[in-house]
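Novice: Make the full structure from the sequences, and use the hints.
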Amino acid sequence: MEFIQENLQTIYFVIFCVFIGIEVIANVPAILHTPLMSGANAISGVIMVGAVIMLFQIPPTNYLLLVLGGIAVFLGALNISGGFFVTGRMLRMFNSKK
Amino acid sequence: MNVIVEVGYLIATVSFLGGLKFMSSPKKAKTGNLIAAIGMIIAVLCTFLALKSNSIPTINLIIVLVAIVLGSFAGKRMASKVEMTAMPQLVSLFNATGGGCAMLLGIIEAHQLDANSSIIGIQILLLLSLITGAIAATGSIIAFRKLAGKTKDNRKAVIVIASRTLLALIFIIPIVYFLGLLPISFEILTYTIAFLSLSYGILFVLPIGGADMPVVISLLNSITGIATALSGFVYGNKAMIAGGIFVGAAGILLTLLMCRAMNRSLLKVLAGKFKKTTLSGDSEDQNIKSISISEITMQLSFASKIAIVPGYGLAVAQGQHLCGQLQKLLETKGIQVDFIIHPVAGRMPGHMNVLLAEANVDYDLLKEMNEVNENMKQYDMVLIIGANDVVNPAAENKPDSPVYGMPIIKAYESKQVIVMKRGMSTGYAGVSNDLFGMDNCHLLFGDAKDSLQDIVNQLKLI
Numbered sequence: 001m002e003f004i005q006e007n008l009q010t011i012y013f014v015i016f017c018v019f020i021g022i023e024v025i026a027n028v029p030a031i032l033h034t035p036l037m038s039g040a041n042a043i044s045g046v047i048m049v050g051a052v053i054m055l056f057q058i059p060p061t062n063y064l065l066l067v068l069g070g071i072a073v074f075l076g077a078l079n080i081s082g083g084f085f086v087t088g089r090m091l092r093m094f095n096s097k098k
Numbered sequence: 001m002n003v004i005v006e007v008g009y010l011i012a013t014v015s016f017l018g019g020l021k022f023m024s025s026p027k028k029a030k031t032g033n034l035i036a037a038i039g040m041i042i043a044v045l046c047t048f049l050a051l052k053s054n055s056i057p058t059i060n061l062i063i064v065l066v067a068i069v070l071g072s073f074a075g076k077r078m079a080s081k082v083e084m085t086a087m088p089q090l091v092s093l094f095n096a097t098g099g100g101c102a103m104l105l106g107i108i109e110a111h112q113l114d115a116n117s118s119i120i121g122i123q124i125l126l127l128l129s130l131i132t133g134a135i136a137a138t139g140s141i142i143a144f145r146k147l148a149g150k151t152k153d154n155r156k157a158v159i160v161i162a163s164r165t166l167l168a169l170i171f172i173i174p175i176v177y178f179l180g181l182l183p184i185s186f187e188i189l190t191y192t193i194a195f196l197s198l199s200y201g202i203l204f205v206l207p208i209g210g211a212d213m214p215v216v217i218s219l220l221n222s223i224t225g226i227a228t229a230l231s232g233f234v235y236g237n238k239a240m241i242a243g244g245i246f247v248g249a250a251g252i253l254l255t256l257l258m259c260r261a262m263n264r265s266l267l268k269v270l271a272g273k274f275k276k277t278t279l280s281g282d283s284e285d286q287n288i289k290s291i292s293i294s295e296i297t298m299q300l301s302f303a304s305k306i307a308i309v310p311g312y313g314l315a316v317a318q319g320q321h322l323c324g325q326l327q328k329l330l331e332t333k334g335i336q337v338d339f340i341i342h343p344v345a346g347r348m349p350g351h352m353n354v355l356l357a358e359a360n361v362d363y364d365l366l367k368e369m370n371e372v373n374e375n376m377k378q379y380d381m382v383l384i385i386g387a388n389d390v391v392n393p394a395a396e397n398k399p400d401s402p403v404y405g406m407p408i409i410k411a412y413e414s415k416q417v418i419v420m421k422r423g424m425s426t427g428y429a430g431v432s433n434d435l436f437g438m439d440n441c442h443l444l445f446g447d448a449k450d451s452l453q454d455i456v457n458q459l460k461l462i
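Here the protein sequences line up with chains A and B, keeping their order.
At position 60 of the first sequence the residue is numbered 60 (my numbering), and the sequence of numbers has no breaks.
At position 331 of the second sequence the residue is numbered 331 (my numbering), and the sequence of numbers has no breaks.
Treat the hints with care, since some could be wrong.
Derived DMTMM-like pairs: lysine to aspartate or glutamate, alpha-carbon spacing no greater than 25 Å straight-line [said to hold, decoys possible]:
(1) B:Lys81 <-> B:Glu6
(2) B:Lys21 <-> A:Glu23
(3) B:Lys449 <-> B:Asp362
(4) A:Lys97 <-> B:Glu331
(5) B:Lys415 <-> B:Glu331
(6) A:Lys97 <-> B:Asp364
Some chain B residues near chain A, calculated using beta-carbon distances under 10 Å [stated by the list, open to error]:
(7) Ala137
(8) Ile341
(9) Met352
Just a few of them, taken from the derived set where beta-carbon distance is under 8 Å, the chain A residues facing chain B [claimed, not checked]:
(10) Leu8
(11) Asn27
(12) Met48
(13) Leu65
(14) Gly69
(15) Lys97
No lab work stands behind these hints, which were simulated from the structure alone.
Source: prediction; values computed, not measured.
Built from N, CA and C at the ideal position, the CB exists for glycine as well.
Specialist: Put into structure tokens, the structure is as follows:
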């Protein structure tokens, strides 16, 4: 209960995000579903931000955690760059004469 | 200093939303992607700004920078090399990296938490993000291997039972721990849960059939999003929460859309079950009429408006470029060609649209099933290439058929239907197709790519 009270603002934020997200994404036409998915995939790479914050706090002598953190940041960066580049590449192929 | 960081995260959040909003039309989508990417760069830069004031050990900084540079280059390389037919595999693989990142984050955070005893709420969120991240990671790797044809479906009962046991354990062990009945440290708990979740991810995707992959990819995508949002909660980072939730919402929406298009419930897909038909044998009394290439070419040249219904078989035969050629050739002869695309054509949502876009087909010609179903009579000919169940009229008029209730493209209502098929085998659902026996339907047997090539060659001569 206390936890909920302390984080009430964030909980409101989450609920609004859910509804806005559904509303916006429901408008994407079927023709763009693959780019939508790979673009969304890239956005979920924002987890890298968490990994970077984390890595800065690891004591520099804890090698196990440093390695794990390094891998986490690498995976996040791979997700972000791969996701956005491949989405861009796909979207460039959608052309119309009109 | 902190104000700039907060504003930066705010801009990032808005740009994610704006980027997704711009995806609503193919014309604006490129800008949308750019906006979201810029937002991401801002979010990452802000993270560096926020921590500049603290003293960061040099080694940590070096590791972060090296990891980011290596990751970005690897991602760019993979993205520029992939074939469009292999897009579902690549998306699964990227999804696995996101999930893996979430899981590692959970493990590291657990180590840090141990020092300063923290509140139970954070620990629960941490475990949840760890579980979702781990499931998404291994699940996506199995999905990737299945799509690449490296792993076969495995529906053995042992696997199903084992996966359910694991799922139960993943929930029971933390509950027991938080009740204070398990005398282990939080660190060990996280390692145990991570291991169980990783194994569950593997067993959960193994029994799911290849044609159900659109559902699975969407679902795993949404799980990664949820993992991101949960760890955003742990860090109190709103850009992470918002980004994660948008991805989760996109994934869930697409999952439900795919399920509806296949007329199967999500639970049945996950259980790897599908209704097996007992109605075999009624294909024998069908009056199958075959047609030759030259007849098709002749009829095409007299048509004024035709439609092509592509299915996964077309992508397997690598025939999408020939489809594009055929469309251009017919266009120069004044014949209008529409492509009617069923939501589950391909191995991920919207896959067929990308394949045809790659073959330089104008996106205005790519029609959704609902756009044209009311008006199928306008087509002089409908060419069905590598699709089967999605045009089976049994879905509308045979309540005892396994495909009954599935939304279909009403090809049978057009003036003439030509089905390109390798042989008389049934579709994924294992049912015979009533369409083949209809008076206005003719079959052209053979490899789709060869047949298309022959049609294009002959049309050029006319």
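Novice: Could you run down the list of hints and mark each one as holding or not?
Specialist: Hints versus structure:
Restraint check for lysine 81 of chain B and glutamate 6 of chain B: not satisfied, since their Cα atoms lie roughly 37 Å apart, outside the 25 Å limit. Distance hint between lysine 21 of chain B and glutamate 23 of chain A is fulfilled; the C-alpha atoms sit about 9 Å from each other, no more than 25 Å. Restraint check: the Cα-Cα separation between lysine 449 of chain B and aspartate 362 of chain B comes to about 21 Å, which is no more than 25 Å; the hinted pair holds. Straight-line distance between C-alpha atoms of lysine 97 of chain A and glutamate 331 of chain B comes to about 13 Å, which keeps the hinted pair within the 25 Å bound.
Annotation: proposed proximity of lysine 415 of chain B to glutamate 331 of chain B holds, straight-line Cα distance about 20 Å (limit 25 Å). Simply put, lysine 97 of chain A and aspartate 364 of chain B have alpha-carbon atoms about 9 Å apart, close enough for the 25 Å limit, and the pair holds. At its closest, the beta carbon of alanine 137 of chain B sits 9 Å from a beta carbon of chain A; the interface hint therefore holds under the 10 Å criterion. The interface hint given for isoleucine 341 of chain B holds, since its Cβ lies 7 Å from the closest Cβ of chain A, which is under the 10 Å cut-off.
At a threshold of 10 Å, the smallest CB-CB gap from methionine 352 of chain B to chain A is about 9 Å, leaving the interface hint in force. At about 12 Å, the closest approach between the beta carbon of leucine 8 of chain A and any beta carbon in chain B exceeds 8 Å, and the interface hint on this residue is violated. The criterion of a C-beta within 8 Å of any C-beta in chain B is met by asparagine 27 of chain A, whose closest approach is roughly 5 Å, and the hint holds. Because the closest C-beta pair between methionine 48 of chain A and chain B is about 6 Å apart, less than 8 Å, the hint holds.
Nearest Cβ of chain B to the Cβ of leucine 65 of chain A: about 5 Å, under the 8 Å cut. The hint holds. Checking glycine 69 of chain A against chain B: minimum C-beta separation of about 6 Å stays under 8 Å; hint holds. A distance limit of 8 Å between C-beta atoms decides the matter here; for lysine 97 of chain A the minimum to chain B is near 6 Å, and the interface restraint holds.
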